[in-house]
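Put chain D on the given structure of chain S with help from the hints.
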Amino acid sequence: MTFSILMLSWEFPPFKVGGLAAHVYDLSKMLVTKGFEVHVLTCSFPGAADFEIIDGVHVHRFDAYEIPAPEFLQWDLNMNLLMEKKAIEIIDNYNIDILHAHDWLVASAAIGLKQLYRKPMIATIHSLERGRRSGLFNDGQHMIDQIENLLIQEAWHNIVCSQYMQSLCHFSFNFPNDKMTIIPNGVRFNDFSVELPEEEKLKHHKKYAKLDEQIVSYIGRLVPEKGVNILLGAVNSVLKKKPKTKFVIAGEGWHRNELERITRELKITHNVLFTGYIPDEDFLAYYNVADILVVPSTYEPFGIVALEGMATKTPIIVSDVGGLSEIVDHRWTGMKVPPENSTALAEIIIELLETKALREKIVTNAVEKLRHVYDWSIIADQTIILYKRIFNEWKKHTWKTKEDFKKYPKTKKKT
Amino acid sequence: MTENQQKKGVILVSFEYPPRRLSNLSDIIQKLARTLITQGYNVWIVTFDDWRSGIEKNNKMTIVRIPYNVPNNISFFSNILNLKSAYQSAIASIINTHDINLIHFFEWQTLPLLIPWGEKLVQKIIVSISNIQLTRDSTFSPYNNGIMKIEQMSLKTADLIFANSDNLATKLIANYKISEEKMIVQSLTDRKIVSKISDYYTKILDDKITNE
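Same order as they appear, the protein sequences are chains S and D.
Positions 51 to 465 (this note's numbering) are the ones given, in order, by the first sequence.
Positions 3 to 214 (this note's numbering) are the ones given, in order, by the second sequence.
Okay, chain S solo, but in the shape it has when bound (with noise of 0.2 Å):
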């Protein structure tokens, strides 16, 4: 049998606004590439298609902002009902058996279609508002919060991306671990380990640092939960031992003014430099020059850019949080280090750019790791298996239409 999925996602390549569009995408097409009919439904953009296929992925938008908002929380509810309404559309047009949801932000329309059509809804939650923002503190925070609540409730079955998020969603809304499942996330590991020439290298090597100076990178938001405040607190201690050190800063965020002006206070200007957003054609190089990545966050509930490290032979160094402790086994694929720690991250960071061996064996174990357990091939093969198993729970239950019971009747049990 042929399954037909449709995901629902507010953000989808090529518009992106954090690792979600990527996620969907990523697993989308290799569903695809295993047989599935796959169709995402996502808001539009100026200048998108209404309706196009991307990589065999059948990919319906729609205008998310028909409905007008005060603010963004206002805006999803708005968007919600509005994708809901596409959705009827695709459901009716194409045969589609699964609903699969991707975060809160699509929690209404999720649950709206899965009482419409008695169809099974699984639901992807990538992470939490109360560990996003390290507890809740506004109505807005508890209302989300609270959608999420209501999105795990909801779903047939949930996946979650790390050990992390199963105990996350368990001890905060006494959820049992059994309607969960973890599935990591992937990376693109052809893609991503394409070493440039050293040509090139040099080249990119000269946008962000001197030829004689080693490069510590991070890439992500600039938040607080990112913990970047903490890789700036451990850069004077690294220039003492090692001051042929540049710190680079990739990415933008509304915390970007707090950590320039941290850098400021420091005085270590001269040694971080903040790139604000890195070209899609620049990506690559820039992991490429890197003789290592730094990914201090204080909350991860997976942690891809970790991957994305791992994937590019570049040595990584993670905080013992959330998602990045399963991803990084210390002193084997990765370092770790104590959350919220400069003096430890500034040591480890010392012994890795003086050890070279010790960067080589990481990279060459990481490669491994990624090949067997993060390739979006196997996430694709283990998110397929959860497909079948609740497509086949929800044939046998009688929680169904009218019409769906006529087409999959109550199996009687044999006597």
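These aren't lab readings, by the way, just hints derived from the structure by calculation.
For clarity, every value in this text was computed on a predicted model and none was experimentally measured.
All C-beta atoms, glycine included, are put in the ideal place defined by N, C-alpha and C.
Heads up, some of the hints might be wrong.
[To be verified] Which chain D residues face chain S? A few, computed with CB under 8 Å, are given here:
(1) Val72
(2) Asn75
(3) Phe78
(4) Ser80
(5) Asn84
(6) Lys86
(7) Ser91
(8) Ala94
(9) Pro118
(10) Lys122
(11) Gln125
(12) Pro144
(13) Val187
(14) Thr191
[Stated by the list, open to error] Restraint-style ranges between C-beta atoms, simulated for each label pair:
(15) Thr40(D) to Gln213(S): 53 to 63 Å
(16) Ser140(D) to Asn286(S): 58 to 68 Å
(17) Asp113(S) to Asn26(D): 37 to 47 Å
(18) Glu315(S) to Arg54(D): 53 to 63 Å
(19) Gln203(S) to Arg54(D): 13 to 23 Å
Same frame as chain S, but now just chain D:
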């Protein structure tokens, strides 16, 4: 009461129902429900209450008080939209297990679900409305404009609209571009409101309503 009518099912969807009273609408709906039962309809009430949720069988009708799943909100607007999936869950449970011919929505707070579902539901859709954002606060703002757009899009999916006054009906036709053919002026203070509404039910279910 005919043999045919006895088999018909009606869902009344309201933001208020006794003991929760925000206006006289609450009692009108209760009276309407009781009248419909005496006329042989199967009646479900789907409603919201800040203090209770659950399913209650009462005088041959079923009252479903939806759960308050998202009690923390950034505004009343978000509160209303966050109730949508609970209304949907209740309505879907009823229409998937019983023969329902008509769903009557009261006031804008119950309407958002009609944007996705309005065209899809096979039942006749009636909406009663006594005021709209345009009459409550017509100031140009994303907040007000958002509510107005939701009212407009959802009202367009209705088969029949009871407007509380001539003035409101005129505004709905002029500003929301609602078809005049769907519009019936029915004041909430009309003492015969219940019997008039139930008469319309009979007509719409027998497909006898044209432009009155």
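Results for each hint:
1. Evaluation of the Val72(D) hint against chain S yields a held restraint, the C-beta minimum of about 4 Å falling below 8 Å.
2. Evaluation of the Asn75(D) hint against chain S yields a held restraint, the C-beta minimum of about 6 Å falling below 8 Å.
3. Violation of the interface hint for Phe78(D) is found here, the shortest Cβ-Cβ separation to chain S being roughly 11 Å, above the 8 Å cut-off.
4. Annotation: Ser80(D) was flagged as interfacial toward chain S, and the flag holds, the nearest CB pair being 6 Å apart, inside 8 Å.
5. Below 8 Å, beta-carbon pairs count as interface contacts, and Asn84(D) has one with chain S at about 7 Å; its hint therefore holds.
6. Annotation: Lys86(D) was flagged as interfacial toward chain S, and the flag holds, the nearest CB pair being 6 Å apart, inside 8 Å.
7. The closest approach between the C-beta of Ser91(D) and any C-beta of chain S is roughly 5 Å, which is under the 8 Å cut-off, so the hint is satisfied.
8. At its closest, the beta carbon of Ala94(D) sits 4 Å from a beta carbon of chain S; the interface hint therefore holds under the 8 Å criterion.
9. About 4 Å separates the beta-carbon of Pro118(D) from the nearest beta-carbon of chain S, less than 8 Å, and the hint is met.
10. Among the interface hints, the one on Lys122(D) holds; its C-beta lies about 5 Å from the nearest C-beta in chain S, closer than the 8 Å criterion.
11. Annotation: interface hint on Gln125(D) violated; nearest CB of chain S at approximately 13 Å, more than 8 Å.
12. Interface restraint check for Pro144(D): the shortest CB-CB distance to chain S comes to about 4 Å, inside 8 Å, so the restraint holds.
13. The interface hint given for Val187(D) is violated, since its Cβ lies 28 Å from the closest Cβ of chain S, which is over the 8 Å cut-off.
14. Below 8 Å, beta-carbon pairs count as interface contacts, and Thr191(D) has none with chain S, the closest being about 32 Å; its hint is therefore violated.
15. At about 60 Å, the CB distance of Thr40(D) to Gln213(S) agrees with the hint of 53 to 63 Å.
16. Hint check: Ser140(D) to Asn286(S), Cβ distance near 60 Å, so the stated range 58 to 68 Å holds.
17. For the hinted restraint 37 to 47 Å between Asp113(S) and Asn26(D), the CB-CB distance of approximately 39 Å keeps it satisfied.
18. The given range of 53 to 63 Å is respected by Glu315(S) and Arg54(D), whose C-beta atoms sit roughly 56 Å from each other.
19. Checked against the hint of 13 to 23 Å, the C-beta distance between Gln203(S) and Arg54(D) comes to roughly 20 Å, which is consistent with it.
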